[in-house]
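If you read the sequences in order, they're chains A and B.
With the numbering used here applied, the first sequence covers 1 to 260.
With the numbering used here applied, the second sequence covers 1 to 363.
FYI, nobody ran anything at the bench for these hints, they're computed from the structure.
Note that CB positions come from ideal geometry on N, CA and C, so glycine has one too.
Don't take each hint at face value.
[What the hints assert, rightly or not] Derived DSSO-like pairs: lysine-lysine, alpha-carbon spacing no greater than 27 Å straight-line:
hint: 1; chain 1: B; residue 1: K85; chain 2: B; residue 2: K27
hint: 2; chain 1: B; residue 1: K27; chain 2: A; residue 2: K37
hint: 3; chain 1: B; residue 1: K300; chain 2: A; residue 2: K89
hint: 4; chain 1: B; residue 1: K300; chain 2: B; residue 2: K318
hint: 5; chain 1: B; residue 1: K258; chain 2: B; residue 2: K318
hint: 6; chain 1: A; residue 1: K144; chain 2: A; residue 2: K175
hint: 7; chain 1: B; residue 1: K258; chain 2: B; residue 2: K85
hint: 8; chain 1: A; residue 1: K151; chain 2: B; residue 2: K258
hint: 9; chain 1: A; residue 1: K175; chain 2: B; residue 2: K258
hint: 10; chain 1: A; residue 1: K192; chain 2: A; residue 2: K37
[What the hints assert, rightly or not] Residues from chain B that keep clear of chain A, each with C-beta distances beyond 12 Å, as calculated:
hint: 11; residue: W56
hint: 12; residue: F64
hint: 13; residue: V73
hint: 14; residue: K85
hint: 15; residue: A133
hint: 16; residue: S208
hint: 17; residue: L226
hint: 18; residue: Q260
hint: 19; residue: E262
hint: 20; residue: A266
hint: 21; residue: P270
hint: 22; residue: F271
hint: 23; residue: I279
hint: 24; residue: Q282
hint: 25; residue: D353
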Amino acid sequence: MLLSAPTRVPSMPDPSAAPAIQMTGMNKWYGNFHVLKNINLTVHRGEKLVICGPSGSGKSTMIRCINRLEEHQQGQIAVEGVELSHDLKQIDVIRRDIGMVFQHFNLFPHLTILENLTLAPIWVRRMRRGQAEQTAMHYLERVKIPDQAHKYPGQLSGGQQQRVAIARALCMSPKIILFDEPTSALDPEMVKEVLDTMVALAEDGMTMLCVTHEMGFARQVADRVVFMDQGEIVEMNTPSEFFSHPRHQRSKLFLAQILN
Amino acid sequence: MKAVSLPLPAEPMPGQIRFGAFRRSAKLLFGTPLNAALTLLFGVLLVATVPPMLRWLVIDAVLFNPNPSACRVATGACWSFIYAKSGQLLFGIYPLDERWRPAIVCLLILALLGWSVRPASWAPRLLALWVAALVLIFWLMGGGIGLTEVPTSSWGGLPVTLLLTVVAIGVAFPVGIVLALARRSTMPAIRIGAVVLIESVRGLPLLSILFVASIMMPLFLPEALLPDKFVRALVALTIFAAAYLAEVIRGGLQAIPKGQYEAAAALGLPFWRAQYLIILPQAIRVAIPALANTIIVMIKNTSLVLVVGLFDLISSGKAALADPDWPSPAAETFLFIGAIFFALSFSFARFADFLERRGPTAH
């Protein structure tokens, strides 16, 4: 079973192109609290990263820095070769190309599912309504809930809402998708439908950064697992190495807690 | 007394239903000594007040007789006064031969309001329609270009009340939204500016703001720069309403979870677009009961302009009462004016209720 699983080779980066994401010497403080300490991380195009670690280790904060939902104070973050600066217009341009899926879905409750999906393509990408709706229906079919298009988010289950959130991100045809604990707020029986959607997305070659405790998902799709603790990247390795031979004491402790 | 458990009655026979209902209400009204005492008390109060009220309102009232002397001898209400003076009550001291103009203005405003509450007409062209209508309205009221000029000091009655209400609230609402957003801004200069404006307007009585606008401004502004008295009162009402609406809208904004801002930002929506499409529709919906409250108070606040010499409905009523030919039926006049204010406020309350029920109910 384990042997027959396809070995995942990180897609070879195009040498002429900049990596999808590059963080160098990145530091962040909340007041005096040092949340992120000297983060160096390069994510190539098409790569799938799973970021794990105990709560409070800074993993959510790190991926939220990539689309500037949080501001870092030191070091550089470059997305597709463009460095994040204080220029608000430039941040909006970068955000268009980075999809984000939140722990609590954050769908817009006053809009229907279809309106949730077409809003940004129409207002940000300047797409015509008809075309935006066609794209939206295409992605709703991919996440297997086209029949819910005219309902409001409050009428859907948690798993369905999270799949809508994934479809909403996809409608902007992003180059990268960030997942911030996408299954943590779900009832156990709904975790699988969301993970299945994410696996399908990974198979299509999307660049994905995923903060999650779903180790089965990490084994199945991750090219690399990043383990963080106390604001630092402690260990970074292929899933098979990380799970079978964790090098660091803190990784061993974490795995012992989470796998039992 | 022995506790007897009575078997529950089976399906009552048709003839028993009325008796059952009678027994139930009798038990409700006289079941306990306290209930019996309250029933008797309210019964006596009703008997003591309703017949005289009916006598005054209808039985002994002068309903149609247009002769003022009929009112002098009658012991009931003088409704014929309202009818005989309706022109003056509704249009104040507006020139008699030109009263068709404010009449059209009133009908136009009411028709536009009726048109505007339909969700189907909520489109940018509705705003254009209102702007065009207001230009027409101010021309009809003020004259010039083919019509006899009528200065604002001669305007009066219902058109003044309607215009002050519609324009003050219509302008105050967007200003209030901007003030509410400014007060939540991270930029200190903008935030402090909004706080100073809102708190100083909220800290002053509306009367004093109206006095400043109409009496103090002429003292330090040269005549050429001084706007019309009607416009000054309108601006004062607008600023007052904007400060209150801003705080109500800010309350709605506080209720929107941080995740909504983050989701909008993550999709690349710029600040104003995110506010317009995501945050404000939800914030205003949350704030509807409080907004309706503030707006209804503002509808009635327009009557305060009488202290600075503008003839709204109430001032027109007082002017009509001064006619020495009639016995000055103040209660009837104020009931009539009250009915107009009630119709306006109650209609708005129903509209707010409709808005509240609209859209998704589950969150």
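Verification of the hints:
For the hint pairing K85(B) with K27(B), the CA-to-CA distance comes to about 51 Å; that exceeds 27 Å, so the pair is violated. Note on K27(B) and K37(A): the hinted pairing is violated, with a Cα-Cα distance of about 77 Å set against a maximum of 27 Å. Simply put, K300(B) and K89(A) have alpha-carbon atoms about 45 Å apart, too far for the 27 Å limit, and the pair is violated. Taken as a hint, the K300(B) and K318(B) pair is honoured in the structure, with Cα atoms around 17 Å apart against an allowance of 27 Å.
Simply put, K258(B) and K318(B) have alpha-carbon atoms about 53 Å apart, too far for the 27 Å limit, and the pair is violated. In summary, the hint linking K144(A) to K175(A) is supported, as the alpha carbons are separated by about 22 Å, within the 27 Å threshold. In summary, the hint linking K258(B) to K85(B) is not supported, as the alpha carbons are separated by about 58 Å, beyond the 27 Å threshold. Under the criterion of a C-alpha separation no larger than 27 Å, the hint pairing K151(A) with K258(B) is consistent with the structure, at around 23 Å.
Restraint check: the Cα-Cα separation between K175(A) and K258(B) comes to about 25 Å, which is no more than 27 Å; the hinted pair holds. For the hint linking K192(A) to K37(A), the alpha-carbon distance of about 34 Å lies beyond 27 Å, and the restraint is violated. Distance check on W56(B): its Cβ is at least 51 Å (rounded) from any Cβ of chain A, clearing the 12 Å threshold; non-interface status holds. Distance check for F64(B) against chain A: the nearest CB is about 54 Å away, which clears 12 Å, and the non-interface claim stands.
A cut-off of 12 Å between C-beta atoms confirms that V73(B) is not in contact with chain A; the least separation is 63 Å. Its beta-carbon lying about 49 Å from the closest one in chain A, K85(B) satisfies the requirement of being farther than 12 Å from that chain. Every C-beta of chain A lies more than 12 Å from that of A133(B), the closest at about 30 Å, which supports listing it as non-interface. Its beta-carbon lying about 40 Å from the closest one in chain A, S208(B) satisfies the requirement of being farther than 12 Å from that chain.
L226(B), annotated as away from the interface, keeps every beta carbon of chain A farther than 12 Å; the closest lies near 42 Å. Residue placement check: Q260(B) does not keep its beta carbon more than 12 Å from all beta carbons of chain A (closest about 6 Å). Against chain A, the non-interface label of E262(B) is violated: not every CB pair exceeds 12 Å, the least being about 5 Å. Against chain A, the non-interface label of A266(B) is violated: not every CB pair exceeds 12 Å, the least being about 4 Å.
Distance check for P270(B) against chain A: the nearest CB is about 5 Å away, which does not clear 12 Å, and the non-interface claim fails. Separation of F271(B) from chain A is inadequate, the least Cβ-Cβ distance of about 8 Å not exceeding the 12 Å criterion. Non-interface status of I279(B) relative to chain A is broken: a Cβ of that chain comes within 12 Å, the nearest being about 10 Å off. Chain A draws Q282(B) into its interface by the beta-carbon criterion, the shortest separation being 5 Å against a cut-off of 12 Å.
A cut-off of 12 Å between C-beta atoms confirms that D353(B) is not in contact with chain A; the least separation is 18 Å.
Of the numbered hints listed earlier, those contradicted by the structure are 1, 2, 3, 5, 7, 10, 18, 19, 20, 21, 22, 23, 24.
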